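J.: As you go down the protein sequences, you meet chains S and R in turn. Quick note: to get the numbering used here, add 22 to the position in the first sequence (first position is 1). Quick note: to get the numbering used here, add 8 to the position in the second sequence (first position is 1).
Hints were generated in silico from the structure; no laboratory data involved. Some hints could be false.
[Unchecked claim] DMTMM-like cross-link-like pairs, simulated, lysine to aspartate or glutamate; straight-line CA separation at most 25 Å:
1. S:LYS413 / R:GLU24
2. S:LYS69 / R:GLU16
3. R:LYS17 / R:ASP70
4. S:LYS413 / R:GLU34
5. S:LYS393 / S:GLU432
6. R:LYS15 / S:GLU74
7. S:LYS399 / R:GLU16
8. R:LYS32 / S:ASP454
9. R:LYS36 / S:ASP454
10. R:LYS15 / R:GLU75
11. R:LYS36 / S:GLU392
12. S:LYS65 / R:GLU14
If you're wondering where the values come from, they're calculated on a predicted model, not measured in any experiment.
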Amino acid sequence: MMSRNSMYTNPKPCKHLADYKLRHGLSGYNLLQEQIRTTPSGKSSVKNHQTEIPRCCFCNGYQKRLYLCLICSSISCSSHTLLHSQCENGHDIAVDIERSELYCVLCCDQVYDPDFDKIVMLKHLMDLPRSGNGVDVSAGRRSSKRRRLCSALELDLKKTKQLVSMRDLRAKSCYPLGLRGLNNLGSTCFMNSVLQALLHAPPFRNYFLTGQRNHEVCRKRSSDRLCLLCDIYVFFSAVFSGDRTPYSPAQLLYSWWQHSANLASYEQQDAHEFFISVLDGIHENGVKARNTGECHCVAHRVFSGQLRSDVTCMSCGYTSTTYDPFMDISLNLDTGNCPSTDLANKSLKPSDNTYVSTLLGCLDLFTKPEKLGSDQKFFCENCQERQDSVKQMSIKRLPLVLCLHIKRFEHFPVRRMSRKIDRYMQFPFCLDMNPYLSSSVVRNRFGNRMFAFEGDELDTSTEFEIFAVVTHSGTLDSGHYVTYLHLKDQWYKCDDAWITAVEEEVVRASQCYMLFYAQKMLYYKANEDLVCQPVSPRADPFLPIAGCC
Amino acid sequence: MIESGEKEKLMELLRERLVECGWKDEMKALCRAYIKKKGTNNVTVDDLVHVITPKGRASIPDSIKTELLLRIRAFLASAAL
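Construct all of the structure, not just a fragment, from the sequences and the given hints.
T.: This is how it looks when you write it as structure tokens:
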């Protein structure tokens, strides 16, 4: 149950806390435990059985922060804690009564002790209604983590290195391998843009390039039926062949039309819908998954993660938790608008126009506790009636490649109209998803705690690097998709058949619609192998990749 | 008012309103900026409290002040009976 998450390595205790622990151990904490009470929202306070208002023993005040001495239980306000410590030698450690947080009088600062946090949280958990309180204090499952790590390594590049060492005599520039324009086959920029991103999703790319997709023995192909996976394999081979002339993904388009008949038309489609539909096609075409457990098709192995949803009853604190898989996360734009600001309230936000939406803001919004409307009262198992509740989302497990979709298209079924939200959104190139993990989000419900539980995802890093941005410009009906790819420290704009190198400012200023992030380690490994070496006279003979014409 | 638990309820309501209107986020941002300026190891909780309190008090939206005042008055009126 000890914290092993590097983000939360316990800060070294100050000298005074260390001394206190040496002399008193956990006895002070244990005595305090009885007096801790927690509200359904998760705030733990120290409340002794007396109904009297706690007051400072020096000034009788009760309005400032009050601290309870761990040794003698006397209460001082923030102005007088030092006085108490001077009067009684060694009485240096106190507890903030309202928040149940440790305070060192001599350092004048908050201090942290996982043993203390453990005790506070245990009390909280004990007081909560039994079962389904949203927290599992048992040790995290380790086998699933290990399996995922192995899965990631399988999609490793060892085999690809052989392919990449091949020199293409036709490659004129020193552009990285795998950069090739895609012809627009009639409003198919929605497809081209997503394909460019998929071409460079490290584990996805590796799967198709290392021949894990053995298309020669594909049963569908041999019986002359369409196979989406084979077509994708052919597509990858063509793009990575070294030929720089624009490619027409007609076969792939046709194959996809067969799968998503409802989207088969020459009209512009939504790139995000295409993305989901392609992954779905891959999933269905792949190996049939076992009834239980995770699916091992390449789409799931690369893109799937798990979301956690907690619904907490506001009356009793009972929390109901559910887990759902996801292939991507759709985010609402954070606009900085809040429901209760007056028009007269100019001091807080002078004008909404100056608020810049950011990806982190959207993620914050996504994981923010949301009060469910009175028409959505949740049936609380503990209270046995419908109660007002709060819902909060968090990420239980991150995928290898994270696709974030910004909801820019608003549909109003009642008015039968849709519109596009053009609002600019700032996004980072390096993204740390730690604050949005279930472990972080749930931990925050207990106040300022250092103690980690529920098996933090330690083996999988939470750091991601961006590798593709799908942008949309124009209106809902007549718009254009363009993808920016980040390869080997250079950004490339992929506008259908035209590929150009661009500066990073251009990408930052673009109107993003879908963002693709890969786990940092995978991204850097993938980029190492994209080295395009100049042709030397004594080079190996050109080795054609199967499927390349 | 404290003994009846009303103060606690009002405090909860106040917290909710302050989060809703973004005041809490604003304070958080101010704290972060201060910590960045001073250096993580040179700031104590007491420092922060002293620096932020005046700014916090000044930037509470009027609508929230009004709402809380009304509720307090209503409680006192009902308790006096």
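J.: Hints first: check each against the structure and report whether it holds.
T.: Each hint, compared with the structure:
no. : hint                : verdict
1   : S:LYS413 / R:GLU24  : 15 Å, holds
2   : S:LYS69 / R:GLU16   : 12 Å, holds
3   : R:LYS17 / R:ASP70   : 20 Å, holds
4   : S:LYS413 / R:GLU34  : 23 Å, holds
5   : S:LYS393 / S:GLU432 : 22 Å, holds
6   : R:LYS15 / S:GLU74   : 14 Å, holds
7   : S:LYS399 / R:GLU16  : 24 Å, holds
8   : R:LYS32 / S:ASP454  : 23 Å, holds
9   : R:LYS36 / S:ASP454  : 19 Å, holds
10  : R:LYS15 / R:GLU75   : 14 Å, holds
11  : R:LYS36 / S:GLU392  : 19 Å, holds
12  : S:LYS65 / R:GLU14   : 17 Å, holds
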